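These are the residues of each chain, in order.
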Amino acid sequence: MTELLLDANQIRVEFGGLVAVNDVDFTIPVGSIVALIGPNGAGKTTFFNVLTGLYKPTAGTVMFDGKAVAGRAPHQIAALGLARTFQNIRLFGTMTAAENVMVAMHPHLKGGLWQTIIGTPGQRREEHEARDTARELIEFCGVRGDSDEFAKNLSYGDQRRLEVARALALRPKLLLLDEPTAGMNPQESDDFIAFVRRVRDEKKLTVLLIEHDMKVVMGVSERITVLEYGSKIAEGTGDEIRTNERVVEAYLGKAATQGAST
Amino acid sequence: MSSTTQAVRAGGREWNATNITGSALLVLVAAWVLWNFIDAPTQTLQVMILGLCNGALYALIALGYTLVYGIIELINFAHGDLFMLGSIFAAVMIADVFGQETSNPAGWLAFAITFPLAMAFCGSINVAVDQLAYRRLRKAPKLAPLITAVGVSFIFQNIGILWNGSAPKSRNSVLPSGGLNIGAISIPWTYLFTLAITVPLLMLLTWIVQKTRQGKAMRATAQDPDASRLMGINTNRTIAFTFALGGAMAGAAAIMYVQTNGTTRYDAGFQLGLIAFTAAVLGGVGNLTGAVLGGLLIGLIQGLNDGAPHGLGQEWSQSVVFTILILLMVFRPAGILGSQTMEKV
Amino acid sequence: MAAVTAAPAKATPPRRLIGKYLQPAAFLIVGLLVPTIVTNVPAFEDRWLPLTTMVLCAIFVLFTLGLNIVVGYAGLLDLGYVAFFLFGAYTAAWLMSDFFFQIDPGIHIWSAAVPTAPGINISFWIVLPIAALVAAIAGVIIGAPTLRLKSDYLALVTLGFGEILPQVFRNGESIKGFNLSNGTKGIAPVNALDMYWLSWTGIVDDKINVFDYTTRYYVIFALCLLFVLVSIRLRDGKLGRAWLAIREDELAASLMGVPLMRTKLWAYGVGAAAGGIGGAFYCVSLGGVNVDTFNFQFSVIVLCMVILGGMANVYGCILGAVILTWVNYTGMKEIGNAINNTFGTTIEMPHYQFLIFGFVLVLMMLFRRDGILPAARQKQSRAVDEQIEKIGTEEAPA
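Chains as they are written, first to last, in the numbering used here: chain A, 1 to 262; chain B, 1 to 345; chain C, 1 to 398.
Hints are computed from structural coordinates only; laboratory data are not their basis. Remember, it's a predicted structure, so these values are computed and weren't measured experimentally. Incorrect hints may have been included.
As the list claims (entries may be wrong) - Label-pair restraints from in silico Cβ distances: (1) C/G177 - B/L327: 25 to 33 Å; (2) B/T42 - C/F367: 53 to 61 Å; (3) C/P350 - B/Q214: 43 to 51 Å; (4) A/R124 - C/Q297: 39 to 47 Å; (5) C/D104 - A/R124: 50 to 58 Å; (6) A/K203 - B/R219: 46 to 54 Å; (7) A/A59 - C/R368: 48 to 56 Å; (8) B/A184 - C/T184: 34 to 42 Å; (9) C/F367 - B/A227: 26 to 34 Å; (10) A/A59 - B/L327: 54 to 62 Å.
Idealized CB from N, CA, C, for every residue including glycine.
Pulled out of the complex, with its shape left as it was, chain A reads as follows:
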């Protein structure tokens, strides 16, 4: 039994009368790349938001890296090593690419108020190093624009890559990618698959994807979990999921399964 980086137990999220996440168990083994899929409205993003601390679950526990995190503030969870990107890009538009990445270094930078004001050698050095690290991450992620360019002026593809660079600045143990290939053409998606593997291997972290693009999902995930209407309906490898009747039904409707022959 491999070590679990994340262990979410019986997560339940209710918004008034609506049950968005219905007693879901979810684990992530250390060093793996797993995916969370399901039709729209299945509760995937809601579940993500529980993990990152935006929502406090109505019930259930989340153990991340051995610590209980359900209900903690988002910045605390981020500091523990859980970083994410967003479905709709949420960069800090009027800050440069480098500054965007440096924001995420906040938990790791030590410079206090007075050191910053006075400009102690230690603080200055820390800032230089932070800027260098930011540039490295930006290059690592393949952002082609200038790191001193304002984030909102970068191309769409660059913005997506910058979001990953920013997330990596948190030195995360777990990287959550929320529909990272939205808007990408097939070539870009292929590049992205390779990129995710490289990130996992070189940065030694674990990855959780939400994705709609099945090619990407099948191409990069070691394990796929399927949600429908807030409940987990299947979990397994790509082949297992592809041939699972309930999954096909959830995506394509009953008619598809009645005509299907495997």
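Model the placement of chains B and C on the given structure of chain A, informed by the hints.
Same frame as chain A, now just chains B and C:
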């Protein structure tokens, strides 16, 4: 919309420090009212009733605030000053144009004619300001329309100074003086009249919002302007209509203010405006009945504070009202009748 | 995947360096020369740019820089900045006068007061950090319950505090028997501004004379300079980035590890400290404190200075503060006089002050929201916005 990132408590109401403190405060206030009543029943009752009457004025102004905030999330800083301009308009109409200064059938006629005129006056100014200024800032960050409203407030106040002078002017009421006497308690006729028109106006507003097509357009635009536009609703006209309604309410309050308070002053708007907005928040912003309820409640509390035996006195009046506002926003921003809306991220 | 764009070379060319330091240098030089310029040109000293007004301008520069941290950097809508001004001024009044006359013989720490005077008499230079601290603490107390509110509600709550506190001080002559503030009488006189730490060189007197505006100007100028440095250092560091991120998108910021409440409180505290320092200086410069000075108008005017000048741009704020203070105290009157003298009219300009002010606000919001000197980031990103909006219309660039 909301920019708070307080971890959303998905699920039912839970008893936490915030809720408990809020409820405890309410209990304390109720106990204080009771204490006053026990010590001096007549005095307490009298100030409570007068407070309610002032509260009716606050309610009318609060309706204007809550309508506009409900639809475009703008705290219209200039609303109180619009009310002030309306009061000068009404006073000038009745005293100078119609030449009526005492309570007689001619005076009552002048009043009856000026009432809708004042509402139209304030309504049109409100719409004009919206179309000229706020309209262009629909997509701008919150700061922009807020500052614009402050600017408009300044403009209105200066107009008030030029029109009414920098000192308060006393105005004679054309409604009967004296009042209804119940035992040792006296309720001025002017105040009763104010209370009497607030309820029908509230009912009229509620009917418009709930039952008419315009009202539905208002509710839709308040929920989601983009979707409303896609459904064929002319959101700009709807918003203008809302400003007109809100302004009309201010106009009604304005003419009643002159009759009950007997003065016009250029700075009446600022104070009353903030008190009225507190009332709107107390009742639940966007909620019409809540605005009226909030207005009456604030009037009550203010009356008690100013006149009851254990009140702090008039020099603390504003502090009391603002403390209520602050406590509300911290502990129960949804107000009495509002619902805690959970935002899906 | 090497960088393909024509990125500017990493080493800044000489012209750029000059450009980067030109603006600060210009402001510094002009600022230093103000008393000289103003007192040597009769038209300035008597009418258009009296030194008294320039001192006031400098005080408001400090306030504006302080509020800039709260509103400009962190994006928190504060309509109650007057509270910090109030605390700073009264702290100075309490610690530099015979208000606490019950303390007899008085406490004296390097003060300029008569040695036999009762009350607390502490040197202005020690009172300054105390006033800053008091204001900062007030900021934290006000901010702790309220900074998590959304922007319109925050505006209103800060406004509320900005109304309550002056009222408390107005009624403060006897709060359950304790005299907090002398109520409407105010506290005056206060001790003169002591300069013992510099007077031994002979450049200045032991204490600043009531009519000596030049030395007074340089004191407040130095304080402004200090705060400009503080602002820039903070903005370029970790805290400044956190503030800008919060202002841009606080949800994303928190998910990137920025602790929201703590960071916002820092903004509040630092901004408040500036208000406290300005308040202390104001009190000593005017020789006393009067509760009528503290009202909502002050909060709005300082906010307008930040916005008009250019949010998040230190130099814009300086400009905004100087222009608006000048207009308020000298400009309106003198322009009115000039118009009347030229055209034979009898318009009393100060009567129209609010009207003009209001129109300027509205017009700025409609047409030049970023202020006179917008922060570079605002300007550049807006330029791209406008280009994008033009695409598909007749004005599209070739």
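Each hint tested on the structure:
no.	hint	verdict
1	C/G177 - B/L327: 25 to 33 Å	holds (26 Å)
2	B/T42 - C/F367: 53 to 61 Å	holds (59 Å)
3	C/P350 - B/Q214: 43 to 51 Å	holds (44 Å)
4	A/R124 - C/Q297: 39 to 47 Å	holds (42 Å)
5	C/D104 - A/R124: 50 to 58 Å	holds (51 Å)
6	A/K203 - B/R219: 46 to 54 Å	holds (50 Å)
7	A/A59 - C/R368: 48 to 56 Å	holds (52 Å)
8	B/A184 - C/T184: 34 to 42 Å	holds (35 Å)
9	C/F367 - B/A227: 26 to 34 Å	holds (30 Å)
10	A/A59 - B/L327: 54 to 62 Å	violated (32 Å)
Of the hints listed earlier, the one the structure fails to meet is number 10.
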